[in-house]
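Under my numbering, the first residue of the sequence shown carries the number 1, and numbering increases by one thereafter.
Derived by calculation from the structure, the hints in this document are not laboratory data. Ideal Cβ placement from N, Cα and C applies to all residues, glycine included. Some hints could be false.
Pairwise CB distance ranges, derived in the manner of DEER restraints [claimed, not checked]:
no.	residue 1	residue 2	range
1	Arg36	Thr171	19 to 29 angstroms
2	Thr106	Pro174	17 to 27 angstroms
3	Pro55	Ala185	17 to 27 angstroms
4	Arg167	Leu243	42 to 52 angstroms
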Amino acid sequence: MNLPALTLILTLTLPGAASTALAQAAPSRLDTVLTRGTLRACTPGDYKPYSYQRPDGQFEGIDIDMAQSLAQSLGVKLSYVKTSWSNLMSDFAAQCDIGIGGISTTLERQKQAFFTQPYAIDGKTPIVRCDDLSRYQTLEQIDQPATRVIFNPGGTNERFAKQHFSRAVLTMYPDNVTIFGQILAGKADVMVTDSSETRLQQKLHPGLCAVHPDQPFQYGEKAWLLPRGDTVFQQYVDQWLHLTRATGEYQTISDKWLR
């Protein structure tokens, strides 16, 4: 049997091995980042404590500190691409190596990108005026015609509100930074968002209280976006993330912003 025929037989009978070989030969974003010397991070920059763009243009938060750590591990610079929750996936695919900023894992996003292993467990819970704490404990209590539910567009907060509240008055508010002031001002009653955000916002806005943040309405995870199909880059970022958690680096960064 000649060599070309043998190669054909092996390719046909060992598709897994052939696929592995092809995957190993494909270029990885890891090599691209190292060659470029820059790690490009897409982030909405409006979600404390994960990523917030200050008035002076600088970004800060848990995910920002962590992204700087990842860039340092690669020996490259870190640059940011400002995006929005509505445009996150398209901007990420077109311009970025990682997507950061308190991103919740969803199957819809998984269709378009890889996720890292989760670095935080979270879930949706309400934040309300403290005087109304007992009024909005359950989904049924919230979903009443007299309740004004406010949410920011383009992400899981909007999806949750539209899925669970059919009788309440729903209001989309474009600015995720000032949205909590709408509740304090009496222009809205409830926002349902991630429990980690409610804990922080009740500290930043006296008069607002998180509703049972230790028992959210549903299970959620925080992770980073990575290019779909690039297992080499995914394995590097996951290993780095594992080590930051094992050494306590992640906990130190998280405590800096949450305590």
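Given the range 17 to 27 angstroms, decide if the beta-carbon distance of Pro55 to Ala185 lies inside it. Since Pro55 and Ala185 have Cβ atoms about 21 angstroms apart, the given range 17 to 27 angstroms holds.
Range hint 42 to 52 angstroms (beta carbons of Arg167 and Leu243) holds or violated: 48 angstroms, holds
Is 17 to 27 angstroms right for how far apart the beta carbons of Thr106 and Pro174 are? Holds, at about 21 angstroms.
Can the suggested window of 19 to 29 angstroms be confirmed for the beta-carbon pair Arg36 and Thr171? 43 angstroms, violated
Checked against the numbered hints above, the structure breaks only hint 1 and satisfies the rest.
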